[in-house]
Amino acid sequence: MSRSPSPCFTLFMPVWLRLPRVIRVCHGSLIPRQKKPSCSPACPEQWPSPVTGKMARKSKRNRKPQLPRLYLRRGDRIKVVACLDYALEHDLDLTSVAVNNLDLLKGRERKVAERAIHGALREEYRNYGRSEGDISFQTFLTEGSTFLRYDRGDPETLRDERRRVIESGGQYPPRETLRTTTTRSRALAPHPPAGSDTSGLSLHSTPEFEGFNGSMAWNDDRSGENRPSPAAAVPRQLLRSAAVSPASMGEESFPQSTRAEEVPETVSPQTPIHATHEVHVDALEKELARRAEELKAASRTIVQQQDHIFTLSNRLTAAEKECKEIERSIKKAAELKDNVTVQANLRYENSVLRDQNIKMISQREVISKAARDSLVPTNQSVREEFDLILAGLKDGCSSVSITMPRVARAFDADDLNETPVLAWSRRLTGLTFREFVAGAIDDNISDIHIISALTATATADLVFESSFPDFLPRESPMLDQYRQHILTRGTPPYPQAPSHSNSNRI
Amino acid sequence: MLSELDLLACHSILSTPNDQDNSNSYFHSKILVKTASDLSLSLANALQGVLSPSDDTMLGADLEPDPFCPQTPATPTQEDRNQTEPRSLVAMAFEEHILRALKLKANLLLARSKYKLVFPHPGHRFDATTMVRDGESQRTGSRFAQLNGKRNGEQELQGRLKVKLCLFPGLYVRREEVLSGKEYGVGVNVRNCLVECDNFVKGGGEEGRGMEGFSLVVRAVVLV
Numbered sequence: 001m002s003r004s005p006s007p008c009f010t011l012f013m014p015v016w017l018r019l020p021r022v023i024r025v026c027h028g029s030l031i032p033r034q035k036k037p038s039c040s041p042a043c044p045e046q047w048p049s050p051v052t053g054k055m056a057r058k059s060k061r062n063r064k065p066q067l068p069r070l071y072l073r074r075g076d077r078i079k080v081v082a083c084l085d086y087a088l089e090h091d092l093d094l095t096s097v098a099v100n101n102l103d104l105l106k107g108r109e110r111k112v113a114e115r116a117i118h119g120a121l122r123e124e125y126r127n128y129g130r131s132e133g134d135i136s137f138q139t140f141l142t143e144g145s146t147f148l149r150y151d152r153g154d155p156e157t158l159r160d161e162r163r164r165v166i167e168s169g170g171q172y173p174p175r176e177t178l179r180t181t182t183t184r185s186r187a188l189a190p191h192p193p194a195g196s197d198t199s200g201l202s203l204h205s206t207p208e209f210e211g212f213n214g215s216m217a218w219n220d221d222r223s224g225e226n227r228p229s230p231a232a233a234v235p236r237q238l239l240r241s242a243a244v245s246p247a248s249m250g251e252e253s254f255p256q257s258t259r260a261e262e263v264p265e266t267v268s269p270q271t272p273i274h275a276t277h278e279v280h281v282d283a284l285e286k287e288l289a290r291r292a293e294e295l296k297a298a299s300r301t302i303v304q305q306q307d308h309i310f311t312l313s314n315r316l317t318a319a320e321k322e323c324k325e326i327e328r329s330i331k332k333a334a335e336l337k338d339n340v341t342v343q344a345n346l347r348y349e350n351s352v353l354r355d356q357n358i359k360m361i362s363q364r365e366v367i368s369k370a371a372r373d374s375l376v377p378t379n380q381s382v383r384e385e386f387d388l389i390l391a392g393l394k395d396g397c398s399s400v401s402i403t404m405p406r407v408a409r410a411f412d413a414d415d416l417n418e419t420p421v422l423a424w425s426r427r428l429t430g431l432t433f434r435e436f437v438a439g440a441i442d443d444n445i446s447d448i449h450i451i452s453a454l455t456a457t458a459t460a461d462l463v464f465e466s467s468f469p470d471f472l473p474r475e476s477p478m479l480d481q482y483r484q485h486i487l488t489r490g491t492p493p494y495p496q497a498p499s500h501s502n503s504n505r506i
Numbered sequence: 507m508l509s510e511l512d513l514l515a516c517h518s519i520l521s522t523p524n525d526q527d528n529s530n531s532y533f534h535s536k537i538l539v540k541t542a543s544d545l546s547l548s549l550a551n552a553l554q555g556v557l558s559p560s561d562d563t564m565l566g567a568d569l570e571p572d573p574f575c576p577q578t579p580a581t582p583t584q585e586d587r588n589q590t591e592p593r594s595l596v597a598m599a600f601e602e603h604i605l606r607a608l609k610l611k612a613n614l615l616l617a618r619s620k621y622k623l624v625f626p627h628p629g630h631r632f633d634a635t636t637m638v639r640d641g642e643s644q645r646t647g648s649r650f651a652q653l654n655g656k657r658n659g660e661q662e663l664q665g666r667l668k669v670k671l672c673l674f675p676g677l678y679v680r681r682e683e684v685l686s687g688k689e690y691g692v693g694v695n696v697r698n699c700l701v702e703c704d705n706f707v708k709g710g711g712e713e714g715r716g717m718e719g720f721s722l723v724v725r726a727v728v729l730v
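Chains A and B, in that order, are what the protein sequence lines are.
Each residue of the first sequence is one higher than the last, beginning at 1 in the working numbering.
Each residue of the second sequence is one higher than the last, beginning at 507 in the working numbering.
Since the hints were derived computationally from the structure, they do not count as laboratory data.
Bear in mind that the values here come from a model prediction, so they are computed numbers and not experimental data.
Watch out, some of these pointers could steer you wrong.
[As the list claims (entries may be wrong)] DSS-like mimics (lysine-lysine), calculated; alpha carbons at most 27 Å apart, straight line: (1) K708(B) / K394(A); (2) K708(B) / K332(A); (3) K369(A) / K359(A); (4) K394(A) / K540(B); (5) K536(B) / K369(A); (6) K708(B) / K620(B); (7) K668(B) / K369(A); (8) K321(A) / K331(A); (9) K668(B) / K394(A); (10) K609(B) / K394(A); (11) K668(B) / K708(B).
[As the list claims (entries may be wrong)] Derived, one-sided and incomplete: chain A residues facing chain B with beta-carbon distance under 8 Å: (12) P377; (13) V463; (14) Q481.
For every residue, glycine included, the Cβ atom is placed at its ideal position computed from N, Cα and C.
Using the sequences plus the hints, can you model the full thing?
Put into structure tokens, the structure is as follows:
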């Protein structure tokens with residue numbers, strides 16, 4: 001395409017110049033199919049009048065061999081109809097732009113391309129246009145072309161004519177439905193590049209083509225010189241994109257719109273568009289709800305992670321401060337390491353603290369001793385008690401009759417048996433009972449005194465030197481386990497409890 | 507901590523008032539009385555050949571049936587009376603002083619101290635600082651010893667006195683070392699922290715043997 005157009009071709013020049021290439025691309029991409037698909041909703045030939053049964057077989061026999069059928073994907077149809085919308089929007093002749101430009105093609109190729117474009121328009125008309133009883137597709141096409149051929153000089157007249165056409169038909173669906181289509185395409189299309197065309201025309205009328213890699217088109221064909229107007233460039237892009245192979249177009253240029261549009265087509269080609277829209281809206285709402293839940297969960301996770309990060313940062317800050325303090329202390333210690341005065345002061349403080357510690361320990365011992373002594377009788381009370389015990393002992397001895405000589409002989413016979421009396425006698429005098437009694441009689445000691453002394457010895461043995469009240473040897477399995485637990489945990493095994501003689505145990 | 511807790515626990519056991527008699531604890535009103543009765547009976551059994559009830563009226567009075575309770579069940583036979591009643595009567599005579607001794611022993615439990623009873627043997631020289639003659643109270647004897655100790659003649663007289671018989675032993679005490687701070691912890695026996703019931707050192711009837719660290723509390727009552 002080394003041919004440079006003259007400036008007089010302001011609007012249609014790029015279209016005219018590029019249409020052959022477009023159609024070439026279109027011809028290469030619109031792949032003819034020899035076999036009729038079983039039930040393909042994308043087949044435009046089946047949508048207007050599906051033929052079945054004998055009539056179909058008759059028509060096959062009578063008719064001439066038909067042209068290979070073309071199949072456009074939904075995305076491609078949208079692009080074709082968007083081209084129509086663009087033409088209406090910018091008062092371009094639809095026939096000149098889209099259809100008559102196919103004149104460069106001849107024969108079968110032209111027919112194939114024309115059929116593809118007409119099929120797409122027909123389908124769009126069927127879905128979004130007026131009912132078939134009101135107006136035919138041909139009338140719709142003629143009406144649009146006639147309107148587009150109207151005088152373009154007077155905007156007011158043009159607006160009135162549009163209003164008239166709309167009112168005569170009750171509605172003017174192609175424009176609005178295409179608006180809907182383009183809006184959806186805009187929503188599903190990726191964001192435009194930063195260097196994309198920002199003119200008011202392209203922004204307002206063809207937002208869906210902002211992400212259509214338009215800059216690539218400029219650089220591809222014209223290398224930046226004789227830059228065509230957007231009004232002419234966009235239809236070229238439309239047709240080109242519509243003519244590209246369905247697989248590549250659907251996946252590269254409009255992947256999301258293609259996926260979004262496949263849903264209603266799989267339901268039924270005859271389903272009204274509002275039903276498909278509802279299904280689509282429901283799916284989108286579900287997807288939106290799911291995404292909202294995911295967003296909430298992600299937000300919560302983010303908040304938790306932020307809190308954790310905040311805590312860790314605080315710890316890190318505190319640790320850094322401590323590290324600085326330690327470093328400062330180390331530096332100070334290193335500086336004062338050889339300072340004799342500081343060392344002397346430290347030694348003095350150490351000695352003072354040690355003295356204070358010793359004083360506190362001694363005070364604690366004194367306090368504990370005082371508390372313990374408060375529970376213990378004083379020495380004076382002990383003396384008084386001893387006097388009373390002795391007095392009671394004497395009273396007891398005086399209240400019984402004593403037969404000393406006879407008994408002394410009796411106790412002599414029991415010397416070998418170590419009777420308690422003999423033990424008491426030895427404890428008292430260091431002699432046997434007979435020797436003790438004999439010596440006492442020789443010293444003119446009365447029987448009461450002898451028995452008193454013996455009873456006092458017995459009292460010392462039975463009462464004071466017994467283990468009464470011994471709480472420890474009481475049999476208590478639970479207490480034994482408790483003690484064993486304390487011993488194994490807190491102290492090494494302690495020696496066995498001292499065995500108490502049966503005479504001392506109470 | 508364990509020592510103080512055990513001390514307070516023992517004090518609580520010894521001094522908790524009885525439900526029926528708020529003036530005395532269960533320990534004093536029940537356990538001590540029963541123990542005193544048992545010990546006095548043991549004493550009576552040990553001295554059964556020496557001691558007997560003083561007169562028959564005392565025995566007969568106790569053997570008469572209670573007029574207010576004529577149908578006393580399990581009335582002992584005459585043979586049983588002859589075997590047991592004299593001992594119980596003798597035991598009753600010593601029960602009072604044994605009960606008092608038990609109370610003193612229980613009160614001395616709470617002191618972390620070792621006590622020792624010393625019986626001066628006959629023939630030992632009388633020492634007024636550690637002995638007191640029979641008939642003198644502990645305070646009077648002490649004052650007498652202090653007053654007369656300055657007189658050389660009486661001091662010589664006391665030095666010539668010898669003990670004939672010890673009527674009641676003298677009491678000595680030794681303060682147990684309180685566990686210092688470094689001794690608390692591992693290696694300290696649990697028993698060292700508990701209240702020691704057998705805090706009276708056994709044996710050692712003679713003075714001067716194993717008396718290191720002991721100090722006099724009560725002087726012995728002797729006959730000279």
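Here is how each hint holds up against the structure:
1. For the hint pairing K708(B) with K394(A), the CA-to-CA distance comes to about 24 Å; that is within 27 Å, so the pair holds.
2. Simply put, K708(B) and K332(A) have alpha-carbon atoms about 65 Å apart, too far for the 27 Å limit, and the pair is violated.
3. About 15 Å separates the Cα atoms of K369(A) and K359(A), which keeps this hinted pair within 27 Å; it holds.
4. Note on K394(A) and K540(B): the hinted pairing holds, with a Cα-Cα distance of about 22 Å set against a maximum of 27 Å.
5. With a CA separation close to 30 Å, the supplied pair K536(B) and K369(A) exceeds the 27 Å bound.
6. About 10 Å separates the Cα atoms of K708(B) and K620(B), which keeps this hinted pair within 27 Å; it holds.
7. The hinted pair formed by K668(B) and K369(A) fails the criterion: a straight-line CA distance of about 39 Å is larger than 27 Å.
8. Note on K321(A) and K331(A): the hinted pairing holds, with a Cα-Cα distance of about 15 Å set against a maximum of 27 Å.
9. Proximity of K668(B) to K394(A) is assessed by CA-CA distance (about 22 Å); at most 27 Å being required, the pair is judged to hold.
10. A hinted pair counts as satisfied when its Cα atoms are at most 27 Å apart, and K609(B) with K394(A) qualifies at roughly 18 Å.
11. A distance of roughly 25 Å separates the Cα atoms of K668(B) and K708(B); the hinted pair therefore holds under the 27 Å criterion.
12. Using the Cβ-Cβ criterion of 8 Å, the hint placing P377(A) at the interface with chain B is satisfied: the shortest such distance is roughly 5 Å.
13. Residue-level restraint check for V463(A) holds (minimum Cβ-Cβ distance to chain B is 4 Å; threshold 8 Å).
14. For Q481(A), the interface hint is violated, the least distance from its beta-carbon to any beta-carbon of chain B being 14 Å, above 8 Å.
Consistency note: the structure conflicts with the earlier hints numbered 2, 5, 7 and 14.
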